[in-house]
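Enquirer: Single-letter residue listing:
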Amino acid sequence: MSHRDPREEMVDYIPSLRAFARALTQNHAAADDLVQDAIVKAWANIDKYKVGTNLQAWMFTILRNTHYSNLRKHRREVEDVDGNHAAKLAEKAPQDSAMIFNDFKTAFMQLPVDQREALVLVGASGYSYEEAAEMCECAVGTMKSRVNRARTKLAELMQLDEGEDVITTEGTALASLGGSAVA
Amino acid sequence: MPEAKNKRGNSASELDRQIEENLRRAYEDTLKEAIPDEMAQLLQKLKSQGEGASK
Numbered sequence: 035m036s037h038r039d040p041r042e043e044m045v046d047y048i049p050s051l052r053a054f055a056r057a058l059t060q061n062h063a064a065a066d067d068l069v070q071d072a073i074v075k076a077w078a079n080i081d082k083y084k085v086g087t088n089l090q091a092w093m094f095t096i097l098r099n100t101h102y103s104n105l106r107k108h109r110r111e112v113e114d115v116d117g118n119h120a121a122k123l124a125e126k127a128p129q130d131s132a133m134i135f136n137d138f139k140t141a142f143m144q145l146p147v148d149q150r151e152a153l154v155l156v157g158a159s160g161y162s163y164e165e166a167a168e169m170c171e172c173a174v175g176t177m178k179s180r181v182n183r184a185r186t187k188l189a190e191l192m193q194l195d196e197g198e199d200v201i202t203t204e205g206t207a208l209a210s211l212g213g214s215a216v217a
Numbered sequence: 164m165p166e167a168k169n170k171r172g173n174s175a176s177e178l179d180r181q182i183e184e185n186l187r188r189a190y191e192d193t194l195k196e197a198i199p200d201e202m203a204q205l206l207q208k209l210k211s212q213g214e215g216a217s218k
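Chains as they are written, first to last, in this note's numbering: chain A, 35 to 217; chain B, 164 to 218.
A hint or two may mislead.
Partial list, derived from the structure: chain B residues whose beta carbon lies under 8 Å from chain A [unchecked claim]:
#1 D179
#2 N185
#3 L186
#4 R187
#5 Y190
#6 I198
#7 P199
#8 M202
#9 L206
Hints in this document: simulated from the structure, not taken from any laboratory. Note that the structure is a prediction, hence the values are computed from the model and not measured. Ideal Cβ placement from N, Cα and C applies to all residues, glycine included.
Bound conformation, chain A alone (with noise of 0.2 Å):
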């Protein structure tokens, strides 16, 4: 039996990478260009991905850490703490539950983004425990409970009433990695 030409495969995975893009950028035209970038990548790379093991997983480790390279590259590109993009998102919500829906978007970009890449990655992406927390080169225990805060903040936040102010962890999120990991 023979695989396809991974490098052929790679459009399949465009929509899930340009949804993984747009939990870390909080930005779609900066997730459009991450995803670019890890195409790129992972295109030059190729040789490194081993047939028959999971190829989205190995694009969306790419383009992660292609994110914290630019992020500490470009910390300015992130910034959008003022929730501009969460608003813009929730005027596009359709009616049905479009209250919930948009307090849920605006709650998760208050995530940090840590706790953001770990809900779709276990949450919406179907990963387990273990193989996120590879990904993400990161305990399984760590990214246990990363998703566990996340759903309770999310759940805090979701049932504060509209309007109230939250602090938003972006900062100190964006600081931390900037702090821990500059070259």
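Mind docking chain B on chain A? Use the hints.
Expert: Positioned in the frame of chain A, the structure of chain B alone reads:
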């Protein structure tokens, strides 16, 4: 980090359900979007470059 509390204990499972549902919805909405032309073109370009290089 302060411990998050459930202010309304009896709605916790309902909230969990909503979170799960909305998380998937947000993700799946993105999956339904058409692939941008520039990404399709990028793949095409990479492919043709590779063919050029291997010949």
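Enquirer: Mind listing which of the numbered hints don't hold for this structure, in increasing order?
Expert: Nothing - there is no hint that the structure violates, so all of them hold.
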